[in-house]
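Engineer: Protein chains in written order, with this note's numbering: chain A, 1 to 256; chain B, 1 to 332.
Hints in this document: simulated from the structure, not taken from any laboratory.
Take the hints with a grain of salt, since some may be wrong.
What the hints assert, rightly or not - Chain A regions said to be covered by chain B (calculated; three or more residues, Cβ under 8 angstroms):
{"no.": "1", "region": "94 to 101"}
{"no.": "2", "region": "104 to 110"}
To be verified - Under 8 angstroms between C-beta atoms, here's a sample of chain B residues computed to sit facing chain A:
{"no.": "3", "residue": "T199"}
{"no.": "4", "residue": "A200"}
{"no.": "5", "residue": "D210"}
{"no.": "6", "residue": "R278"}
Glycine residues also receive a C-beta, built at the ideal position from the N, C-alpha and C atoms.
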Amino acid sequence: MTTDVVLQARGLTKHYGHVVALDNCDFDLRAGEILAVIGDNGAGKSTLIKALTGAVVPDAGEIRLRGEPVTFRSALDARRAGIETVYQELGVAPALDITQNLYLGREQRRKGILGTVFRKLDKPAMRRGSARQMADLGIRVQSIRQKVDTLSGGQRQAVAVARVAAWATSVVIMDEPTAALGVRETNQVLRLIERVRENGLPVVLISHNMPNVFEVADRIHIHRLGRRIAVVEPGRTTMEEAVAVMTGAKQPEDLA
Amino acid sequence: MTQLDDAVLLEKEDRAGPLRAALSSQTAGPLAALVLAVVIFSATTDSFLNAGNLSLIAQQSVVVGTLALGQTLVILTAGIDLSNGAIMVLASVVIGNLATDGNVFGALLAGLAVCLVLGLLNGVLVAQFSLPPFIVTLGVLSVLTAAARLYTDSQSYPIDSAFLTALNGGPTVGGVTITYGVLLWIGLTAILGYALTQTAWGVRVYAVGDNPRAAALTGIKVKRVLLSVYLTAAVVYAFAAWQALGRTPTADPSGYSTANLDSITAVVIGGTSLFGGRGGVVGTLIGALIVTVLANGLTQAGIDSLYQQVATGILVVIAVAVDHFVRTRQTR
Chain A
1 MTTDVVLQAR
11 GLTKHYGHVV
21 ALDNCDFDLR
31 AGEILAVIGD
41 NGAGKSTLIK
51 ALTGAVVPDA
61 GEIRLRGEPV
71 TFRSALDARR
81 AGIETVYQEL
91 GVAPALDITQ
101 NLYLGREQRR
111 KGILGTVFRK
121 LDKPAMRRGS
131 ARQMADLGIR
141 VQSIRQKVDT
151 LSGGQRQAVA
161 VARVAAWATS
171 VVIMDEPTAA
181 LGVRETNQVL
191 RLIERVRENG
201 LPVVLISHNM
211 PNVFEVADRI
221 HIHRLGRRIA
231 VVEPGRTTME
241 EAVAVMTGAK
251 QPEDLA
Chain B
1 MTQLDDAVLL
11 EKEDRAGPLR
21 AALSSQTAGP
31 LAALVLAVVI
41 FSATTDSFLN
51 AGNLSLIAQQ
61 SVVVGTLALG
71 QTLVILTAGI
81 DLSNGAIMVL
91 ASVVIGNLAT
101 DGNVFGALLA
111 GLAVCLVLGL
121 LNGVLVAQFS
131 LPPFIVTLGV
141 LSVLTAAARL
151 YTDSQSYPID
161 SAFLTALNGG
171 PTVGGVTITY
181 GVLLWIGLTA
191 ILGYALTQTA
201 WGVRVYAVGD
211 NPRAAALTGI
221 KVKRVLLSVY
231 LTAAVVYAFA
241 AWQALGRTPT
251 ADPSGYSTAN
261 LDSITAVVIG
271 GTSLFGGRGG
281 VVGTLIGALI
291 VTVLANGLTQ
301 AGIDSLYQQV
311 ATGILVVIAV
321 AVDHFVRTRQ
331 TR
């Protein structure tokens, strides 16, 4: 069953001086799933995510993408491999409109001399593309030309997710995507995460919010002391048990 | 179904694009203020509304207006350039000095080189060393103000070259001169406006000014964009130096001492936000015209020119207040 593993890590290790942030850590993300990553503060989840997105180069260990070994020296390497990340702090430019945000850093130019010599943007094509992308994800806005600062916090994060989902070809990683949002807006983003999965991209969801995690995740990677100590499924394990394992109050072997 | 409808709707909107963009909310306010000022002065004075006076207003706006175009680029990245007037003055005295040998074309190129080196200095200090633009350009302003006087021994150079003063000439239409300097100003506005609104570079300039962290996360090389902005602004300042030599055919090291602040005034009145990411060069062109129209109109009306400074000051505060209101209302 290794063929359906999209992103895999074995034995990732990272030291910061005497501090061990990753201690021989394993990781598996399967095709078509939402994998939540939970862990206490300082457990090393963010270092794990940084290693998977190229922001940190591990001291040891191996990362495989669809079975092929990969080495990410920078965030750009991971992006080129089709791994895109949504960050907790809203990663959008509020003074730009939705289309400009979706295509930021990847603008399309006109065909022919207008594009090559005059560097003219193909705004109609980008507007069509972003309208299609927003529709695919079921995100409702008045106009694709709306500036992002006219949107609510949930809609803004939806634009950030749409951006990432539009360009990711392998994996979407979401680092605390709902931390800054209210209850209703959080629910919108959770539906959006499910929509991304339905559209065929596996999702890694890092979150502190246990009810959210148990609501949308297919599997839950529990991180403790720099490594993966258990992988549980929401249907078979309770929230209390997962938190107990995460904090060390319960050993993973003791899970039912 | 809805998707198709959306697409059709978008296509329709696109056709109205350029006109819509020109009348966007950011330029609508300044344009209304300009029209209002023109109407008031036309109605209250006999000497304001005639082709000769309007041509004069355009000519009077050109130097600060051109400096303000470069200033706009810098302010869009949430920066500020206090050194632009001093860069222009140093370039003009270098041109004036070298032109005494007769090689006026080489002198002009040397002026461009001066601007580029100083733009590079500002850009590297701001982009590479992440120093605050206000402090960097304040320091450069101070150094250059002294440097221009030391270089010239506090003398000014008379400019007698037809080439160097060419921008003050131009075709006469119906008895009114349209100077090449004014045409150059409008042309630069058009080119920069195109670059800002129609190219990826422009989108990235706005993004870097608006939210540099988000811009960096999308893979935009923020430092490179900042550097390109300071260098582009430097080229614009070189054109301003050429225009200044046409306006007053003397390269004076102590001239244009408030041009930096005047250029910021034009940018702000033109609707560009000092917080970066919002505004544009068309607004700045209008902003520069508003300042000159106020000065010219109040003079025609026989009102003390000190009131022009009062009126400009009030406009600046109104412009900043409107920007603040818009930003805080939208960014809940």
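Engineer: Now look at each hint and say whether the structure bears it out.
Structural biologist: Verification of the supplied hints:
Figure legend: the region 94 to 101 of chain A, annotated as covered by chain B; annotation consistent (4 residues with Cβ-Cβ distances under 8 angstroms, at least 3 required). With 5 residues having a Cβ less than 8 angstroms from any Cβ of chain B, the region 104 to 110 of chain A passes the three-residue criterion, so the hint holds. Look at T199 of chain B: its Cβ gets to within about 4 angstroms of chain A, closer than 8 angstroms, so that hint holds up. The interface hint given for A200 of chain B is met, as the beta carbon of that residue sits about 4 angstroms from the closest beta carbon of chain A, less than 8 angstroms.
For D210 of chain B, the shortest C-beta to C-beta distance to chain A is roughly 4 angstroms, which falls under 8 angstroms, so the interface hint holds. Look at R278 of chain B: its Cβ gets to within about 5 angstroms of chain A, closer than 8 angstroms, so that hint holds up.
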